[in-house]
Amino acid sequence: MSLELLTLSNPVFKSFTFWAGVLVVKMLGMSLLTAIQRFKTKTFANPEDLMSPKLKVKFDDPNVERVRRAHRNDLENILPFFAIGLLYTLTNPSAFLAINLFRAVGISRIVHTLVYAVVVVPQPARALSFFVALIATAYMAFQVIAAAAF
Amino acid sequence: MSLELLTLSNPVFKSFTFWAGVLVVKMLGMSLLTAIQRFKTKTFANPEDLMSPKLKVKFDDPNVERVRRAHRNDLENILPFFAIGLLYTLTNPSAFLAINLFRAVGISRIVHTLVYAVVVVPQPARALSFFVALIATAYMAFQVIAAAAF
Amino acid sequence: MSLELLTLSNPVFKSFTFWAGVLVVKMLGMSLLTAIQRFKTKTFANPEDLMSPKLKVKFDDPNVERVRRAHRNDLENILPFFAIGLLYTLTNPSAFLAINLFRAVGISRIVHTLVYAVVVVPQPARALSFFVALIATAYMAFQVIAAAAF
Chain Y
8 MSLELLTLSN PVFKSFTFWA GVLVVKMLGM SLLTAIQRFK TKTFANPEDL
58 MSPKLKVKFD DPNVERVRRA HRNDLENILP FFAIGLLYTL TNPSAFLAIN
108 LFRAVGISRI VHTLVYAVVV VPQPARALSF FVALIATAYM AFQVIAAAAF
Chain P
8 MSLELLTLSN PVFKSFTFWA GVLVVKMLGM SLLTAIQRFK TKTFANPEDL
58 MSPKLKVKFD DPNVERVRRA HRNDLENILP FFAIGLLYTL TNPSAFLAIN
108 LFRAVGISRI VHTLVYAVVV VPQPARALSF FVALIATAYM AFQVIAAAAF
Chain R
8 MSLELLTLSN PVFKSFTFWA GVLVVKMLGM SLLTAIQRFK TKTFANPEDL
58 MSPKLKVKFD DPNVERVRRA HRNDLENILP FFAIGLLYTL TNPSAFLAIN
108 LFRAVGISRI VHTLVYAVVV VPQPARALSF FVALIATAYM AFQVIAAAAF
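Chains as they are written, first to last, in the working numbering: chain Y, 8 to 157; chain P, 8 to 157; chain R, 8 to 157.
A few of these clues could be false.
Note that the list lumps identical chains together, so a pair holds whenever it fits in one copy or between two copies.
Computed list of lysine-lysine pairs in DSS-like fashion (alpha-carbon distance at most 27 Å, straight line) [what the hints assert, rightly or not]: (1) K65 / K49; (2) K63 / K49; (3) K47 / K65; (4) K47 / K63; (5) K49 / K33.
No wet-lab data here; the hints were simulated from the structure. Quick caveat, the model's predicted, so the values are computed rather than measured.
Use the sequences and the hints to build the structure in full.
In structure tokens:
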């Protein structure tokens with residue numbers, strides 16, 4: 008029974024795997040986005056990173072810090088989703104619901120990055136994308152708790 | 008053999024699933040706790056978040072920073088537990104030991120949040136709750152390494 | 008078929024489990040490294056942590072901040088690897104390739120910590136170790152996406 012749950016022939020696992028892969032690529036991209044901003048603004052946090060003896064370490068460039076805040080928000084929200092999405096898959100949920108929850112998390116976290124760190128869009132764009140993913144992840148967590156508690 | 012390890016009929020997996028769900032909910036709650044402190048103290052990190060033209064971005068409110076430090080400590084400790092707890096479950100450990108290790112991590116991380124970010128309790132309350140979870144997680148990691156190395 | 012993928016008789020899973028265990032221990036060690044630097048430099052972030060009434064909270068010690076940057080870099084890179092490494096294992100990849108990818112991530116992340124937070128080594132030591140792990144993780148993520156998308 009459970010053995011098939013973690014194979015790509017299970018559409019729920021297939022969808023989770025797809026979105027987890029996409030979100031890992033997105034998160035790794037944040038490091039490159041940070042590096043681009045660091046070179047553009049010549050903002051380096053370590054003495055050994057300074058490209059010229061005239062530069063000094065700097066921690067307060069608003070463009071660098073914005074990308075870093077978006078990246079940290081990913082750590083806080085996407086990484087717990089990886090754990091709970093897998094456990095939710097193992098509770099054998101309705102495929103329709105599960106696939107749409109994974110889509111909601113995946114798409115809203117991509118939108119969150121775009122409106123936070125790529126092109127700044129006025130609120131409530133970021134708040135909305137943040138809450139869609141948060142609510143979907145919390146719903147899965149409560150389903151997982153309910154399945155394990157009884 | 009291994010197929011039953013990731014089903015809720017395995018009491019070790021059932022316990023891991025329960026505590027992972029509880030800790031994901033707890034971690035998502037840290038975002039709400041941060042938001043509450045931000046609104047209470049009118050401390051916003053992005054220009055687009057300012058509710059009034061009189062406000063300026065602010066990064067040094069001690070109440071906001073305290074919740075953020077507690078949240079970051081969760082990232083550093085709870086997220087590795089999610090990975091190692093699942094792998095430890097797959098090594099088919101003694102149910103009694105494994106369930107109590109998961110309980111120790113779950114309860115001590117909840118206590119850590121309470122004494123750090125909700126009601127500040129003098130040390131060594133935070134240090135103790137921190138080390139209980141750290142030692143339990145490290146023990147599981149060493150068991151996982153030993154199982155995989157030989 | 009899939010049931011054997013998550014057993015230690017699968018050399019790919021065995022290797023993933025080993026390196027995940029090693030990297031969890033390494034990450035937990037960052038907390039101890041931070042604590043050592045905090046006590047050495049008497050840099051504490053919370054009033055309740057101050058060991059003497061003469062001390063004040065301090066956030067800008069370069070030795071403490073260096074370890075914290077290395078630790079955050081672990082959160083950004085090692086934690087996504089835990090998720091994608093498991094999913095990659097479930098795609099049943101070539102054992103030779105997969106085992107060497109896991110080794111590359113494990114070894115390069117240990118080197119990253121050594122040259123960043125233990126003995127500072129001039130660039131490009133840190134950049135190289137960073138990119139080896141990033142490229143290996145991104146490769147696995149693209150393989151996972153390809154397996155799930157078609």
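The hints, checked one at a time:
1. K65 / K49: Both ways: K65 and K49 sit 8 Å apart in one copy and 23 Å across, limit 27 Å.
2. K63 / K49: Classified as both; 9 Å inside a copy, 25 Å across copies.
3. K47 / K65: Cα proximity of K47 and K65: in one copy and across copies (13 Å, 24 Å).
4. K47 / K63: both (15 Å within a copy, 25 Å between copies)
5. K49 / K33: within (24 Å within a copy, 31 Å between copies)
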